[in-house]
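Protein chains in written order, with my numbering: chain B, 1 to 121; chain C, 122 to 1038.
Simulated from the structure, these hints should not be mistaken for laboratory data.
One or more hints might be untrue.
[What the hints assert, rightly or not] Cβ-to-Cβ under 7 Å is the rule here; a few derived chain C residues that face chain B: (1) ALA148; (2) CYS149; (3) ASP152; (4) LEU153; (5) ARG155; (6) THR156; (7) TYR157; (8) ASP159; (9) TRP160.
[Said to hold, decoys possible] With a cut-off of at most 16 Å between alpha-carbon atoms, the simulated EDC-like pairs for lysine to aspartate or glutamate come out as follows: (10) C/LYS666 to C/GLU844; (11) B/LYS60 to C/GLU147; (12) C/LYS716 to C/ASP683; (13) C/LYS666 to C/ASP999; (14) B/LYS60 to C/ASP187; (15) C/LYS666 to C/ASP843; (16) B/LYS60 to C/ASP144; (17) C/LYS716 to C/ASP886; (18) B/LYS69 to B/GLU30.
[Unchecked claim] Computed spacing ranges between beta-carbons, pair by pair: (19) C/ALA163 to B/SER27: 18 to 26 Å; (20) C/LEU207 to B/PRO14: 17 to 25 Å; (21) B/GLN47 to C/SER587: 31 to 39 Å; (22) C/ALA967 to B/GLU64: 46 to 54 Å; (23) B/ALA118 to C/THR594: 45 to 53 Å; (24) B/ALA118 to C/LEU179: 37 to 45 Å; (25) B/ALA118 to C/GLU147: 46 to 54 Å; (26) B/GLU72 to C/THR594: 40 to 48 Å; (27) C/SER166 to B/GLU64: 33 to 41 Å; (28) C/LEU982 to B/GLU64: 49 to 57 Å; (29) B/GLU64 to C/TYR1019: 51 to 59 Å; (30) C/SER166 to B/SER27: 21 to 29 Å.
Built from N, CA and C at the ideal position, the CB exists for glycine as well.
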Amino acid sequence: MRRKKANGPEAYLPLKPTVFHILLALSERELHGYGIMKAVEEATDGQIRVDPSPLYRRLKRLLEQGIVKEGEPRPASDSDDERRRYYGLTELGRNVLAAEAARVVALSKSRAVQALAAKAE
Amino acid sequence: MADLQGDRLRRWLHLLLKAYPRDFREACGQDLERTYLDWLQALRSRGARFAEVRVLGLAVWHSMRDGLMERVTGGREAREGTMESLTTDIRMAVRGLGKAPGFTAAAVLVLALGVGANVTAFSALRVAMLGRPDYPDVERLVSVDLLRQSSDGTWRSRWAYPYVELLERAEGRLVDPVAAYREFHATLSGLGPASHISIEMVSPDYFRVVGLPLPLGRSFTAQEGRPGAGGRVVVVSHAFWRSRLDGSVAAIGREIRLNGAGFRIVGVAPEGFRGLIGDAELWVPHGSYDLFQPGVLGQVGNHVAWVAGRLAPGATLESAAAQIRAIGEVIGEQWPRNDRYGAGLRSFEELWTNPNARAASLLLSLAAGLVLLVACANLSGLLLARARGRMRAGAVRRALGASRWRLVRGSLMESLIVSALGCVAALAVSSWGTGMLARTWPRDFLRGSETGLQVVDPASMGLGPSSVAFALTVSVVAALLIGILPALRASSEDVTEHLKAATGAVGGEGRVARPDAQSILVGGQVSLALMLVLSVGVLGASLTKVLGVSPGFRTERLITFDYSLPAGVPRLDMDDPEAWEDHIVQSAQFDDRLKRRLGALPGIEAVAISGSPMLEGFNSIIGVTYVEGGEPDGEGRSVGAVTVDPDCFETLGFDVMSGRSFTAADGLEAAPVVVLNRRAVDVFFGGQDPVGRRFGVGAALPGRTVAEVVGVVENVLHESPDEIPAPVAYYSTRERRHGRHVLVRTAGDPTVAIGPIRAALHDLDPTVAMSNVATMEERMRRSVGDRGMVLVLLGLFGGVAVLLAAVGTWAVVSYAVADRTRELAVRVALGAEARNVVRLVSERMAMVSLVGGLLGAIGALAGTRVLEAFLFDTSPHDPGTFVAGGGLLFAVVFLAAYVPARRATKVDPAQALRALE
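Isolated chain B, as found in the complex:
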């Protein structure tokens, strides 16, 4: 069960659903904290919600792992002059996300999984 020591993207798989959706949201554009919360909630129709504190715990870890990078702080809009830190994906982050996506797709193609899914429907 021990994690592979390799530094390739596979080392970080499987991703937790929350992490997957955070990365997915960041893959489209750089977002600030509340932007991520909103994007994840919208993308999953409210199925998955991340609250501020757990979000930043994740982000801190993802930053340390080099999956996420910090952008330049900037105001969120013209009407609000307070600066916010924006986050985006690193090269590694994009690879991890792609690897996870490939893993999920491969999984969904497996015959056993399809049989189970058919039964569930």
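Based on the hints, put chain C in the right spot on chain B.
Chain C only, in chain B's frame:
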């Protein structure tokens, strides 16, 4: 507004961030804060309710949970699937607790007491501090007080009716409407058996002042409110209307009889409303006063009613108060007295609660908080001991790769489950506790001070949703307090040390001098328990003093009750001297019949009649009109007037100091006579024997106001024991009448006699109602009611705390002995003396108890000041109490340490060493 809230939230968030470790704060604290604010803004723009509360609530929870996790894991990812491992944690915790049913039961019990005490105190506090009558625009309601100012200070009193009239006539009043109100009791007949009923006598504008419209019928007219107009109309309470009049609309216009006189029902009061006095069932206008006590209402110096009012539109409390003060000046000039009259205004807000009730419930809450802290320290100690037992298992799990957080969580889960069980048990405890408080909490305790206003019905105390929420919060906090230390211990880093220690390789010699967490917890318990014990001690010393005040009469085996005169006896009418005389003569005749009848019952030693029950104050406080050769300022002061029959002094065992007692010959046929108490002699005659001199008190038949002093009796308690005895003038019931009260001395248990007395009374005349039945000893206890109750509750809390401290000490020393069995065995084998062995294991305990005790004593020195309001003639730093209380606690703790320590000396070296091999 929105920004203000945002700023407030920002400040809170800033504070909450401190829960996270520094590196986390530095890396993303500011962003986290900003995100919460963004979220708040989004919620607000969506129009979500309680947005700020929701965000703050979650932020609090997050900071507790995530802050702790960040600190424990140091930023390493917890590997396990959260949900899956959570169920595992719960399963393991439940299994662990199930294996130690004794420990679990003890822990739940301790928490039930600790949390239960807090929930009970919280419920009392909620009622005492936040209880508000539900009147419209309640903040505009005011109490208009008559002030009496003398060199002794200023106090507020009831108004005499002439002053009320002056107030009502004042032009351009800024307090409008105003209404006088007073409580009294009458016999209700014409609706089932005769009963004694609580009535509020009010001015016509009373219901306008209260501001509640009557659901049925009407209030009183100005005409009905005029004294002497004989307004025989009544408004009934909603409950009375429902239960006695079937809730029928036809009730309006029906007649009921009060003290034999017919009253027409004109209205029904709003549901739940029991009057400003808090327990009224009926309301009658002041116009009917003369039916009950003719002539009394118009008298100056006869203080009958309290006054409440509503600020007129546009008036402020300050402007209205200035005007009322001016009216007070007028009253003072028109009726000059030694204790000069004035008038003042207080908003209802100011007098919602008796300050004593506030102080008492605060005190209880503080004490309950201390008990909870002791309970937490205690449980934490027990769990620590358990954790020690499990260090090895924990160490093995750590060695196999379990994260520290995982172990902490498992251990915390245990305390969470215990406190969840404790919370349920605590609700049961406090449901009982609040029920008991509601029954025993003295009614007067929730009455505003120096006003007739009853703010909250004590019966409204109970467990509401807020109590349940409070219980839950307290339990969660308790779980964290209890669990954190043992959790950290169970998961401590030093794996090899535990593995070694568990095999018995280390003797623990190094730990002797340095107090460990468990001992420090016990020290904390000792100090908190000592604070409670000393508080209880100081209160107890004060109560002993109060109870030690001699009532001045014999209280044992006495049954006392009020009775009403039968329908045939004419009412007292002070405007018609002939009817007045008739009333006195015929009621004296009835008294004689009653006394003969009761005296003939088996087991009755003596029967006497008095105007007012002892210890409940005076029925009549009347102005003194004449003092022969006495103090110059005597006239114009008041005395408590008490009527007694010839047997009363003897039955109660009054000490006649000079002259004589009343005889059957005193009465309307003989010259008027009066007996004074010692205090009256001091006040009016400068302490000189007044027998033979003349003394005048109002409210008498024409020509009988001035009476000859024939005797002097020692002061007795007519009011509560902690009040200075008031001057009293005693009159024969055959000459004056104020109130009807019977005192029966029995040969045996007085309560047994109540049934036969009631039957005999009914047999004598079925229209006679008996009420306010109590033994004299009950009255004594009641008169110290609030002190007694506070003491009993604090005593309970203190007892629990001492018990917990003792259990804590015992557990720590027991563990220490068990832990070091091998080392002790070696020492005993090498010839160590028993004394030294005991010292070895209890040294640390003695040190922490001593330090804890010192801290507790210092805390108590500061803390007992809170008690000052409850103390009678006792210093809050009473040295005797401090020595005795401290001694008691140390004796208990010493015993708790000595018993297990003693066991250490009984170690059989051979056996102990073999067992450990």
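Enumerated hints in conflict with the structure, sorted upward: Per hint list: zero violations.
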